[in-house]
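> Sequence:
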Amino acid sequence: MSISNSIYRFFILWYICGVVLLTFDLLPPWLEWANSVFLYVSGSLAFLYLVKAYNYRLASLLSLIVIAATIFAEWLGVTYGFLFGSYHYEKDFGVQIMGVPLTIGFAWLMVVVTSRVLTLQVMNNIRIPKWGRLFAYATITSLFAVVMDLAIDPVAYVVKQYWVWEAESMYYNIPFSNFMGWFVLSFFIQIFFYLILKGQDKRDVPLWEHRMVVLYILVVGMFLLIALTAQLWLCFIVTTLSLFVLLLLYWRGKLHAIPKEK
Numbered sequence: 228m229s230i231s232n233s234i235y236r237f238f239i240l241w242y243i244c245g246v247v248l249l250t251f252d253l254l255p256p257w258l259e260w261a262n263s264v265f266l267y268v269s270g271s272l273a274f275l276y277l278v279k280a281y282n283y284r285l286a287s288l289l290s291l292i293v294i295a296a297t298i299f300a301e302w303l304g305v306t307y308g309f310l311f312g313s314y315h316y317e318k319d320f321g322v323q324i325m326g327v328p329l330t331i332g333f334a335w336l337m338v339v340v341t342s343r344v345l346t347l348q349v350m351n352n353i354r355i356p357k358w359g360r361l362f363a364y365a366t367i368t369s370l371f372a373v374v375m376d377l378a379i380d381p382v383a384y385v386v387k388q389y390w391v392w393e394a395e396s397m398y399y400n401i402p403f404s405n406f407m408g409w410f411v412l413s414f415f416i417q418i419f420f421y422l423i424l425k426g427q428d429k430r431d432v433p434l435w436e437h438r439m440v441v442l443y444i445l446v447v448g449m450f451l452l453i454a455l456t457a458q459l460w461l462c463f464i465v466t467t468l469s470l471f472v473l474l475l476l477y478w479r480g481k482l483h484a485i486p487k488e489k
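First residue of the sequence shown: 228, per this note's numbering; consecutive thereafter.
Quick caveat, the hints were computed from the structure, so don't treat them as lab data. This one's a predicted model, so the numbers in the text were calculated from it and none came from an experiment. Misleading hints may appear alongside valid ones.
Distance windows between CB atoms, simulated [as the list claims (entries may be wrong)]:
(1) Phe-471 to His-437: 40 to 50 angstroms
(2) Leu-258 to Leu-310: 30 to 40 angstroms
(3) Phe-362 to Arg-236: 31 to 41 angstroms
(4) Phe-362 to Ile-230: 33 to 43 angstroms
(5) Arg-360 to Val-411: 34 to 44 angstroms
(6) Ser-287 to Phe-237: 20 to 30 angstroms
(7) Lys-429 to Leu-475: 44 to 54 angstroms
Here are the simulated DSSO-like pairs of lysine-lysine, each with C-alpha atoms no more than 27 angstroms apart in a straight line [to be verified]:
(8) Lys-425 to Lys-279
(9) Lys-429 to Lys-481
(10) Lys-429 to Lys-357
(11) Lys-357 to Lys-481
(12) Lys-357 to Lys-425
(13) Lys-279 to Lys-387
(14) Lys-279 to Lys-481
(15) Lys-425 to Lys-387
Beta carbons are placed, not taken as given, at the ideal position from N, Cα and C, and that holds for glycine.
Please construct the entire structure, taking both the sequences and the accompanying hints into account.
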């Protein structure tokens, strides 16, 4: 059994334990570090996909850039309320860089990579002129990112108090600027990904592409389950409907791919 497969199996086991403990509020205070492990492993799986699909050097470069860029963006948010709105972290997520948990960078790496894999399949079923492919790609990937955050933030704030927002809004007092911030940050990172990877030879790795899709669905699904048990009905309904539409586009792209022009 390879190390990468072992890490994936460890994630599944850790995920199952985490879903039970978090959903039924059974996680004791001394086990809070388990959240950090979950995020580290999620990001590591995204890194492994990049290694499998491209190469180790490129995967390392892209991963470091995503982690550094997102930690810097989160620092701007925590310090100045820029991009995401005014908020601060309440729980200990382990090692911090400039007041931002390193785990947040790994979480963003997972978001960026899983959104990319899903979007590339969506675009297989859409006829887009070459000049519009970059914009379409960056837009769709960012929508996948925002849909994930529609579930993450209400649960992390209202139910778990992982961080606290200093604002008022109709969506659990989470400012609209937060979701716009997710979209904008994802948009520019994905443009960078698209331009860097466009000229790179991609290996055919269906198993790891499948694992990235599973990773995305499992993460969103976990937060949806917690939202359901916590009776966050708006979060559950809005995220579920949005997720359904995007996954429908994904499956259409997977089943009815348009032949590529020569």
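> If a hint holds in the structure, say so; if it does not, say that too.
These are the hints, each one checked on the structure:
Between Phe-471 and His-437 the Cβ separation comes to about 19 angstroms, which falls outside the hinted range of 40 to 50 angstroms. The hinted window of 30 to 40 angstroms between Leu-258 and Leu-310 holds, with their beta carbons roughly 32 angstroms apart. Remark: the range hint 31 to 41 angstroms for Phe-362 to Arg-236 is upheld by a beta-carbon distance near 38 angstroms. In this structure the supplied range 33 to 43 angstroms holds for Phe-362 paired with Ile-230, their Cβ-Cβ distance being about 38 angstroms.
The given range of 34 to 44 angstroms is broken by Arg-360 and Val-411, whose C-beta atoms sit roughly 20 angstroms from each other. Taken as a hint, the range 20 to 30 angstroms holds for the pair Ser-287 and Phe-237, whose Cβ atoms sit roughly 21 angstroms apart. The supplied range of 44 to 54 angstroms is broken by Lys-429 and Leu-475, whose beta-carbon atoms lie about 25 angstroms from each other. For the proposed pair Lys-425 and Lys-279, the alpha carbon gap of about 16 angstroms is at most 27 angstroms, so the pair holds.
For a cut-off of 27 angstroms, the pair hint linking Lys-429 to Lys-481 stands: about 18 angstroms separates their Cα positions. About 19 angstroms separates the Cα atoms of Lys-429 and Lys-357, which keeps this hinted pair within 27 angstroms; it holds. Restraint check for Lys-357 and Lys-481: the C-alpha separation of about 20 angstroms stays at or below 27 angstroms, so the hint holds. For the proposed pair Lys-357 and Lys-425, the alpha carbon gap of about 12 angstroms is at most 27 angstroms, so the pair holds.
Straight-line distance between C-alpha atoms of Lys-279 and Lys-387 comes to about 35 angstroms, which puts the hinted pair past the 27 angstroms bound. The suggested pairing of Lys-279 with Lys-481 holds, with an alpha-carbon distance near 20 angstroms, which does not exceed 27 angstroms. Taking the CA atoms of Lys-425 and Lys-387, the gap is about 40 angstroms. The hint is violated against a cut of 27 angstroms.
Checked against the numbered hints above, the structure violates hints 1, 5, 7, 13, 15; every other hint is satisfied.
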